[in-house]
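Colleague: The listed protein sequences correspond, in order, to chains A and B.
One point on numbering: in this note's numbering, the residue at position 163 of the first sequence is 171, and numbering is uninterrupted.
One point on numbering: in this note's numbering, the residue at position 486 of the second sequence is 1082, and numbering is uninterrupted.
In case anyone wonders, no lab produced these hints; they're calculated from the structure.
Given the structure is predicted, the values throughout are model-derived calculations rather than measurements.
One or more hints might be untrue.
[Said to hold, decoys possible] Cβ pair distances, simulated, as ranges:
id, chain 1, residue 1, chain 2, residue 2, range
1, B, Asp-664, A, Thr-223, 47 to 55 Å
2, A, Leu-189, B, Thr-742, 49 to 57 Å
3, B, Ala-728, A, His-201, 35 to 43 Å
4, B, Asp-1070, A, Leu-15, 53 to 61 Å
5, A, Leu-189, B, Leu-1101, 38 to 46 Å
In this text, a Cβ means the ideal position worked out from N, Cα and C, and glycines have one as well.
Spelled out from the first residue to the last, the chains are:
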Amino acid sequence: MNFFKTLGEKPWLDPTMANSDALVAVDPLLASRTALRFIMGIVSVLFFLFIITYLSRSQYPDFQALAGQPWQPFTDPGRLWLNTGILAASSVAMQWGLWSARREQINRAVAGVSMAVFFAVLFLVAQLELWRHLQGMGYYVNTNPANSYFYLLTAVHGLHLLGGLLVLANVVFRVWYDGALTRLSGPLALCTHYWHFLLVVWLLLFALLTSRVETINMLAALCGF
Amino acid sequence: MQHAAIADQTPELHDPHSFITRYIWSQDHKVIAIQYSLTAVFVGLVALVLSGLMRLQLGFPDTFDFIDPSSYLQFVTMHGMIMVIYLLTALLLGGFGNYLIPLMIGARDMVFPYLNMLSYWTYLLSVIVLLASFFVPGGPTGAGWTLYPPQAILQGTPGYDWGIILMLASLAIFIIAFTMGGLNYVTTVLQARTHGMTLMRMPLTIWGIFTATVLGLLAFPALLVSAIMMMLDKVIGTSFFMPALLSLGETLDYTGGSPILFQHLFWFFGHPEVYIVALPAFGMVSDVIATHARKNIFGYRMMVWAIVAIGGLSFVVWAHHMYVSGMHPAFGFFFATTTLIIAVPTAIKVYNWVLTLWRGNIHLTVPMLFAIGFIFTFTHGGLTGLFLGNVTIDLPLSDTYFVVAHFHMVMGVSPIMVLFAAIYHWYPLITGRMFHVGLGKAHFWFTFLGTYAIYLPMHYLGFLGVPRRYFAMDGTDFIPASAQSLNASITISALIVGLSQLLFLYNVFWSLRNGKPAGHNPWGATSLEWQTPEVPPRHGNWGPELPRVYRWAYDYSVPGTEADFIPQNHPEQKGAEG
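Chain A with its partners taken away, still in its complex shape (with noise of 0.2 Å):
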């Protein structure tokens, strides 16, 4: 265990001892991924306090799950299936952009980023075509926790997708800017990972939001709500 190993050094005895602790010229692209690591932490919390208080919630007596009966929204999931699929496209065009960068086929490279690009924004789209057919089955956002729960935890997810477009952007225009395409690689990889990671989250929050009063209950009870 390297944590409990530095945590156990004596720092006052040799003061050779920790010299000998090699320099290691590092690329700054590496202080990127380690804030990268921390973001994921916190927007996972984020969407675990969520997802917690959405167990909790729905074990009082008004709530309504999104699926089960046949006249409920999420019984049958076909939408959301296609936004999913419409977000996984996205994260596949990012990992071909991230290889073709890797092998320095910079043209490829920048298909397979506008493809992303396009699909990412596709899937926004997508997600708010759904709310206006929830909309319009007469499903808003303050008729049952639910719903309430359905159109926060999508906006959550949403506004992180949109503020990776907006640092992919930038990414993409400082690399272009400095001429340096051949550098795209390490910066687009950890744009991968983030939209990777988005992925994951949502893939969570589609199985909680289409899921059964019986699997929400045992999982509520699980967590000892």
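Assemble the complex: chain A is given as a structure, and chain B must be docked to it using the hints.
Modeller: Using the frame of chain A, we list chain B on its own:
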């Protein structure tokens, strides 16, 4: 492992060229730190005035017409929230974190300077939004700093329409600002340390700030989640926290949410917040004590472990704030036990401070006076925490002045003693001038004795059952009339302490021009921030070459050496006995 590449980068990346880029849109961590500090102190003074107004009402009821029950509750709420979040968190992490991290670990700046600048301006926006609530119809929210639903957003609570919305918006903005700053602090500590600065050679100040930042990054999301959900309850009419209820004879549209859920979320943030404030203070006071007692800190490794352990434990004690809300007895037992366990690493730290002083060459400088004052006030506040951590003792004492006295001692007075110690300690580095010692000592004695005069009797009032948050004590016959004289004396002490802070402000500004030049390293400190080529350090901190670290930060009074301290960047070997 050190990562010199980032730290070695030349400072020209964001070298300021004009007044605006140097002092306003600055990306220099030192300027951002000062911006953070000045804003936090300003808003803290607003909160100090609010507490004075509250005390005027409590000490001399029916005397001041401009304080009515609504405005009293608004003062309570804004005082609490400002002090905890906008002053303490911002000053300790945004102020001292920004100033000290790069200097103490031997970096030129934070790793993301632009994000750092954005963090300050977002923080300023959150302060402006918060203070704007004084000027909207209905005024600021009077829901109490914990903002418990359902009353926080219902008619009957002051500021229920605009005040609460601005409060929640301001909190959300603050959290975004903190996250941007916090990412910088943790990444800088992990990635930008200079040659030879291993983790276990870092001064305890950095350990405290680092761990507190990690706590903040993981705990603030809980506040963000609760703020977002309450905002939706208020604005859109969702029922996350709002139960089905009648208000003023009217059935509301809320359908059966859970106010207790809010409490859990709030305190899942709220308890780590205590340590977000305390851990940087623990770290800074350790360095002040070691420097001014000319002695290595007792049990450095144990101090680091204690910081990490306290950080971990702080996430599993939150429900001790909710004993009176009701919970399963097993949970009560669990949270009481974890609460008492967290006292162990905390007590270790107190012992280690005292043992550092033991047979040390104690210089009773102004920073040292404040540091010793901190040991007193913190021990005092910590011990009453042991009372309140037990369910059976908490139940009768809850919502009395005992609780107010406890958390003010442990979370108000103690960190502020450290903040003063830290400001006096690092003032010569930041400004290049010494402060006026006489004024500093007067400031210490007024503050130290004054706060005891405020909070010691408050414990007694709590035992009598005097309830907190009450505008007036009418109808509480079980409280003897003599309690009112005590309340009046507390008010007078509070006003004296409040006014004595003018000594501090005067000293800070007077010494900027008239203080004696501090010269290089006036305290004879070992840590890196005092070893910069110029005082105050210039942009980029270190001149052409980064320092190289050869030892830990506590080589004071090493036997067999000429000076009574060896700076961290000094290659000299220790004496034979060392």
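Colleague: Could you run down the list of hints and mark each one as holding or not?
Modeller: For each hint, the structure was consulted:
1. B:Asp-664 / A:Thr-223: 47 to 55 Å: About 52 Å separates the Cβ atoms of Asp-664 of chain B and Thr-223 of chain A, which means 47 to 55 Å holds.
2. A:Leu-189 / B:Thr-742: 49 to 57 Å: holds, 53 Å
3. B:Ala-728 / A:His-201: 35 to 43 Å: holds, 39 Å
4. B:Asp-1070 / A:Leu-15: 53 to 61 Å: holds, 56 Å
5. A:Leu-189 / B:Leu-1101: 38 to 46 Å: violated, 55 Å
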